[in-house]
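Count along the sequence shown from 1, add 14, and you get the number used in my numbering.
Be aware that a few hints might be false.
[As the list claims (entries may be wrong)] Derived lysine-lysine pairs resembling DSS-like cross-links, with alpha carbons at most 25 angstroms apart:
#: 1; residue 1: Lys250; residue 2: Lys294
#: 2; residue 1: Lys294; residue 2: Lys256
#: 3; residue 1: Lys250; residue 2: Lys260
[Claimed, not checked] Here are the computed distance ranges between Cβ atoms for each label pair:
#: 4; residue 1: Lys129; residue 2: Val63; range: 21 to 31 angstroms
#: 5; residue 1: Asp182; residue 2: Asp141; range: 35 to 45 angstroms
#: 6; residue 1: Met106; residue 2: Ser52; range: 37 to 47 angstroms
#: 7; residue 1: Phe70; residue 2: Val32; range: 36 to 46 angstroms
#: 8; residue 1: Ile67; residue 2: Arg95; range: 46 to 56 angstroms
#: 9; residue 1: Ala253; residue 2: Gly81; range: 45 to 55 angstroms
#: 10; residue 1: Gly49; residue 2: Gln225; range: 37 to 47 angstroms
#: 11; residue 1: Glu86; residue 2: Tyr228; range: 46 to 56 angstroms
#: 12; residue 1: Lys260; residue 2: Thr51; range: 17 to 27 angstroms
No lab work stands behind these hints, which were simulated from the structure alone. Predicted model only: the values in this text are computed from it and were never measured. The beta-carbon is built from N, C-alpha and C at its ideal position, and this holds for glycine as well.
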Amino acid sequence: MYEAIAANKRNTLLIMAVFVGIISAIGFAVSYFYGNTSITFWVIGGAAVYALIQYFAASSLAVAMTGAQQIEKKDNPRLYRIVENLSITLGMQMPKVYIINDSAPNAFATGRDPKHAIVAATTGLIDIMDDRELAAVMAHEMGHVQNYDIRVSMIAFGLVSAIGILSDVVIRMMFFSDNRNSNPFVLVIGVIVIILAPIAALIVQTAISRQREYLADASGALTTRDSDGMASALEKLLAYGKPMQKQSSSTAQLFISNPLKPGFFSKLFASHPPLEDRIKRLRDNAAKF
């Protein structure tokens with residue numbers, strides 16, 4: 015478990031390198047297209063600045079996009095006390111607690127580090143979970159905080175957004191600019207790189223999210239010493255889960271269960287492993303927790 019947490023932190027550098035490589039490929043395509051190598055460095059610098067801004071602003075954006083509202087203990091003593099007790103158990107700073115007014119059962123965690131963490135649950139989740147199951151779900155979310163998944167998610171979110179915007183701007187420039195390399199082969203290769211870049215970035219982001227869901231399940235079970243409670247909570251999510259009212263593919267990876275409406279592309283780029291697989295892993299490894 016602790017080796018996996020350490021690996022998560024190390025993998026942050028690898029993830030950054032992959033995204034920088036994708037951005038560099040876009041920059042190189044544009045530089046070659048215009049015959050100006052300095053454009054590559056401007057593209058990388060601009061994307062880095064944008065990603066940095068997103069890194070610090072992403073948690074606020076996630077809260078705004080989901081409609082989450084911050085609460086104090088008096089607003090929902092049950093949820094607040096569960097998060098408070100988990101914080102004490104883990105020896106962590108108490109995160110800010112939010113509630114989303116939505117009948118779809120779900121929860122998420124965000125923030126750039128444990129000192130700036132946010133955990134949120136929907137009213138639908140609070141209503142259908144008993145105390146044991148609710149504690150398991152929030153332990154899962156606290157696991158994301160503990161394992162620094164929230165930091166990696168924010169970095170990935172910022173860079174994926176930067177690559178998407180950059181690709182859109184660049185492809186327009188390449189088609190509508192007169193000052194360009196006239197070689198049609200260069201144009202075709204450049205367009206292919208720029209179109210594939212956001213897809214590659216999204217694949218990397220979803221792969222990161224899937225593996226970290228398994229680790230957060232295990233972290234939650236280890237924290238509560240109750241893998242059956244975690245499995246039971248996931249079984250309820252499987253039985254009662256439905257799309258959330260406010261859906262966004264950019265924040266989907268933050269949630270414990272996929273909040274998007276089922277569809278071809280949501281399945282192809284699913285940010286979560288199947289709930290059935292997660293439940294099976296917990297049941298098979300119950301003795302280890």
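Going through the hints against the structure:
1. Lys250 x Lys294: 14 angstroms, holds
2. Lys294 x Lys256: 21 angstroms, holds
3. Lys250 x Lys260: 21 angstroms, holds
4. Lys129 x Val63: 21 to 31 angstroms: Roughly 24 angstroms apart at Cβ, these two residues keep to the hinted range, so it holds.
5. Asp182 x Asp141: 35 to 45 angstroms: At 41 angstroms between Cβs, range holds.
6. Met106 x Ser52: 37 to 47 angstroms: 46 angstroms, holds
7. Phe70 x Val32: 36 to 46 angstroms: 22 angstroms, violated
8. Ile67 x Arg95: 46 to 56 angstroms: At 36 angstroms between Cβs, range violated.
9. Ala253 x Gly81: 45 to 55 angstroms: Taking Cβ atoms as reference, Ala253 and Gly81 lie about 24 angstroms apart, which means the hint is violated.
10. Gly49 x Gln225: 37 to 47 angstroms: 42 angstroms, holds
11. Glu86 x Tyr228: 46 to 56 angstroms: Hint violated: Cβ distance 33 angstroms, outside 46 to 56 angstroms.
12. Lys260 x Thr51: 17 to 27 angstroms: Violated, since Lys260 and Thr51 (Cβ atoms, about 44 angstroms apart) do not stay within the stated range.
Figure legend: structure checked against the earlier numbered hints; hints not met, in rising order: 7, 8, 9, 11, 12.
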